[in-house]
Structure formats: structure tokens, C-alpha cells
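Build the full structure now, drawing on both the sequences and the hints.
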Amino acid sequence: MKTIYLDNNATSRVAPEVLDAMLPYLKEYYGNASSMHTFGGQLRHQIDAARQSAAALLGCEPDELIVTSGGTESDNAAIRGVLRLRPQQRHIITTRVEHPAVRTTCRQLQREGYRLTELGVDGQGRLDLEALRQAIGPETALISVMWANNETGVIFPMEEIGQIARDAGVLFHTDAVQAVGKVPINLRELPVDLLSVSGHKLHGPKGVGLLYVRRGTSLSPFMVGGHQEYGKRAGTENVPGIVGLGKACELAQQHLEHEMDGVSKLRDRLEDGLLSHCLDARVNGERRYRLPNTTNISFEFVEGEAILLLLDRLGICASSGSACTSGSLEPSHVLRAMGVPFTAVHGSIRFSLSRYTTEEEVDYVVREMPGVIERLRGISMFTEDNARTAAAPQERPERLSPPRS
Amino acid sequence: MWDYTEKVKDHFFNPRNVGVIDDADGVGEVGSLACGDALKLMFKVDEAERITDVKFQTFGCGSAIASASALTELLKGKTVAEAEKITNQDIAAYLGGLPEQKMHCSVMGREALEAAIENFRTGGRVEHKLSGKVVCTCFGVTDEEIRRVVSENNLQTVEQVTNYCKAGGGCAGCHTDIAAIIKEVQGEQGLQQVVERPVAPAKGKPLTNIQRIALVQRTLDEQVRPALQADGGDLELIDVDGSRVIIAFRGMCAQCHAAEYTMADVVQAKLREFVGEEIEVEEQKP
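Respectively, the protein sequence lines represent chains A and X.
So the first sequence is numbered by the numbering used here: it starts at 3 and just counts up by one.
So the second sequence is numbered by the numbering used here: it starts at 54 and just counts up by one.
Treat the hints as calculated values from the structure; they're not laboratory data.
No experiment lies behind these values; they were computed from the predicted model shown.
Cβ coordinates follow ideal geometry from the N, Cα and C atoms, glycine included.
Mixed in with the good hints, there may be bad ones.
[Said to hold, decoys possible] Each pair of labels, with its calculated beta carbon distance range:
#	chain 1	residue 1	chain 2	residue 2	range
1	X	ILE263	A	PRO140	49 to 55 Å
2	X	ARG297	A	SER278	52 to 58 Å
3	A	ASP124	X	GLU333	19 to 25 Å
4	A	ASP22	X	GLY149	42 to 48 Å
[Claimed, not checked] With a straight-line cut-off of 20 Å between C-alpha atoms, the simulated EDC-like cross-links for lysine to aspartate or glutamate are:
#	chain 1	residue 1	chain 2	residue 2
5	X	LYS108	A	GLU376
6	X	LYS60	A	ASP314
7	X	LYS129	X	GLU153
8	A	LYS267	A	GLU288
9	X	LYS62	A	GLU361
10	X	LYS129	X	ASP76
11	X	LYS236	X	ASP196
12	X	LYS62	A	ASP314
Rendered as C-alpha cells:
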């Protein structure tokens, strides 16, 4: 059975060119780039070249980039590294819809005594910039707001947020893991101080990422040891990973126009097709504020894990914000923050496309999805008519629902 | 990805006995859309109280659908008296086991069966009501239900209780209460998991006004507000007047019906636990 991979926000296929570029460094060129001998030392050139490619994609200087083990490390290193050098400033501002790499880091800092503001979003997933302005105080050390949301694809206004931060003299970090390679980025013109990148979200290998640190921004190193990465991130360089990431960045730049245009057309085709062929389906996050590759659709009155299992049997890979897929009992914190009703949260499905997605694949999903949804609705006792009473706590006092209307 | 047995997959992909019995002798419905799963079980019996037909409808994940399907297969041909003895372990065993975190699906099956039998015994007059005191307000689980899953499944930790009946799987505010129930059922040695007890005040010394206000604010900040904020709501401390604490709900909580009769109680319970037994919470209405 053919695999139809529409889960590119989770991870993406390693581009064949990336793999080819990496292989020599896993085989014959296994040296240590810090060595004095040519066999190892020559690898420094490959690392520099990769850094150049990444800097070109991000519109920054190569020496503003620190190689890390991925997006999560970059987020941890940025947030903790900034705070450690500013012990007098004990306040962090972030959002309720951040990726766990930022959210959990900030909440842990809160337990360690920091004050944390988590800004809410509206029904379309957008931030209230006035609330951001008001949250800033003399104690604020850092604002960390993601570039684009991994679940809905909703993009936050980096320019405006960065300007607000700059006017207030507060550092601004963004988790851009989902945005890099999907939207144009020019850090020379953008008031962003720190930015996280992950290799495997843009057809590079897993286990490698970047942290952009604007020149002049002081940061305490997260990993200490050797002198690698200008002394900002110790550890023997992951040469194959770095070479792969460099190639992935080079390819991302070449394909950026197609991502913005071709991939978004396919995404629209998928979204329009699903909405017109499936009853009681709604999109989470308005299209014009979203990444070109992401759509998050709620199929009301059915449960997400059950949908994914049936899709899996058809070879279709997607993900869900349902409680049952998270390993916890709580459904997606992103959709809840957006105020998506319960009838819709549990049945939310995210499709995330890539430049490898074809029209045939999209049409296949549009063809198969109505059957999957109808099949599950056939088992369910909930319909539009009775769902409201079934979900309302005042009608069923023996089963209190969580405190929200 | 869950590691489901072939039997679970089979009962999910090909569920047995889906549908409605219009003139059912016993009907049991448990769960809700809000909680993420629900099950409606219906059966018919002959004169000897033997189950002749059984059907179900489910809203839920793969293992919820499979558990319901398995339950109906277990019920076929049994008398009501025999059916009464079916436990959640029987349902899980029939499926060749369920992932630990999905055991609550088998418990939902047993609950629906119990509700349907109760409905049958009372000639359809009584709809199932949960009895006991609600411990987990996020998922509406009572102390009696928790006691039952703990003893029937020999559970030792709060995490296991969450896996088996969802209690404690939301804001985590009831973990201390669940731990106490485990201890009560299993004895002292039962509780392996240490439950953190934040900011407990030093007993004995009376608090000054300033200390009391600070402790109320801290308890609200640490114990109550994070759970509300996660759901797009919030709460504000308006005033502390002796033992009277006046609060106001904000955001989504302000419009939520559940807030009126549960959240003020939850806040009061937390403040009594961490500040003092004398605390009375009042809600300021807009």
C-alpha cells in the first residue's frame, strides 16, 4: 500500500539530495573537525559552507547561528540562556499556544520562581497585541512567541511583536520551527533577537537544529564543555547532520516559491474538498493567517483517534488534537485556547503537506474521508440535534464537564 | 501510536452489535462528548431474564469502540444475574489486554452495563446516577467510583487511577484526594507515589491579616488559576475580609454554567486546605 504522508508538521521526508550530501560524512570522512590533522580539520570547511546556506535562507550572518540538536534544544537554550544573564529580571511573556518545548520550559521556570504571562488567542488563533504591550513591565526579560503554530499553522505577526519588544527594550525569541522553509524570512530586517530552527521539519535529518542569536545579544551557554560553536554550544560537531541541514536549507530556498504557491494551492484543494464533501466539518484558524501547508479541520461528533486509525488503514498519515492521541486525557491546548467547542476539539484532524505532496494524493484523501467520517458517525449516538444537550453539564449533573461553557 | 492487540483492532474495524433496540428492556448511557467518550448500551431479555439481544452506540477512540463491541459479545446469552458479575478486567481480557492508559475504556463498558442493569431492574423508571462525592471535577468522577476501580484492579498510584477512570487527568488539583482514597483502600503501603503538597502553612501560629491575604493569593495562583487559564478562563481575588474571600471569575469561566455551582466550591475547598478551615468563598457577580 502506498503511504500518503500528510503529517509534515510532525516530521518530513529527508530529501534525496540531503541524504546524498550526508553519506560521505557517515562513511569515509569520519574525522573530528577540531583535529589538527587534515583528515579531520578539513571538515571545518563543510561546516562553514552549511552555515552559509542556512544564513542565506534566514537572511542573517553565518556567525549568528549556533548548531544545536534540534528545535527543543534551541528553545531551551534561548530561554534559559537569556534569563541566566539577567538575574534581576524575573518575568517571561509567552502564549498559551506554544509548542511544549517553550511552554514546558517557561512553566518550569515559573515553578523556579519566575513570573509567567501566557497570552491568550482569539477564536482564529490570533494574539491580542495590546495585551502583549500591557503585559510588559520593568521586570520583563524575554518575550517568546512562536512564528507559526504547529497544530493550526496560524502565523503570528513577527514584525509587530518584535517592534513592541524592541520599543520596550525586551529581548524577543521566536520558535520558527514550523515557519522556516515555508515563508520568507529576513532576519536582517526583522526585530527578532533569537530564533529556533529544526532540521527535520524542512526535509533535513533529525537531531540537528539551529539557534539564531543576533549579534550583540548576550547568552549564557546551555551546553558547556569544548570550544565548539564559538564557545556557545559545546560538543563534537555532528558533521553529517550539519551538512544535511545545510543542504536542506539550500533546497528550501530553491523551493520557497513553490511552497508559497504550489503547496498552498494543494492545501486549499484539500481543505475545500473536505469541507464540501463532509458534513459538520469546520476549519480551525482562518486560511489567510496560516502557513501554506497546514489545515486543521474538526469533524464534529466523531473522535480523532478513531479517524486516524481508519485513515491509517488507507495509508493516509495525519494527526489529531484529540485527547486520546496525546497520551494524556486533555485534548489540544491550542484548540482549547482558541475556544473551539468540545463537539469539535475531539474530532480535529491536522493535515500538513509538503513539496512532495501530489494532487492525486490530495484527491484520494478527499475521496476517502467522507466514508471514514460517516462510518464513525454511524456508530455514534451523537448528532447535531442531541449533541448540545449531551455535552451540557446542567443537563447531566452526574457527569460534570470541565469548567467552561 | 498505541500498541493495540489484533483483537482490539478487529473489534474496532468490525464492531459487533452496533445499533439501537427501540423496545429495549435495559438502557445505560455513560460518558459525554465533553469527556471525549460516551457509550450507550441497550439489551432485551426473555422471561428467564436471559439476554437475547444487545446493541451499542459509542462516541470515542479505537479502544472505546472495541471495548463496547467486546462487552456486547460477552453479554450475549447470559442471564442478567450472570451479566452483573462482568468486570472491566473481563472486558480487557476478552480483547487480549488494553494499553494501560486506555483501561478507562473497559471501565466505561462496565459502568454502562451497570447503568443498563439498574435501568432494567427498576423497569426503566430509573436512569443511572453516579453516587458519592465528586472528587475529580474535570471529568466528574466520584469517590465511590475511584474506590471501586482501585479495589477491583488493585491500583497503587494516582497515575493508575487516571488510566482506569480518568480521575486526576485534567487540572491535577485532586491528586491529593485520590492519593488519600488509594491509601484508605490499600493501606499505608499502597501509596508508592509521593504527592507534592505545595505551600502548606505552618500549623499552630495564627496568621496576620497580611500573611492571610498573601497565602490566599498564592494558593489561588498556584492551585486554582493554572487550571482555569488552561481553559481560557481566569479568576481574580477581589477582597479578603477576615475569613471571607471574595473572588470573581473572568474570561470563559465567567460565562460557564458549571462555574456557578462547582468552581466556587472548588476554590473554597482549596483555600480551606491551604489557608484555614474557616474560609468562606463568595463570588462577586458582574
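**Request:** Go through the numbered hints given earlier and state which of them the structure violates, listing their numbers in rising order.
**Result:** The structure conflicts with hints 1, 3, 7, 9, although it agrees with all the remaining ones.
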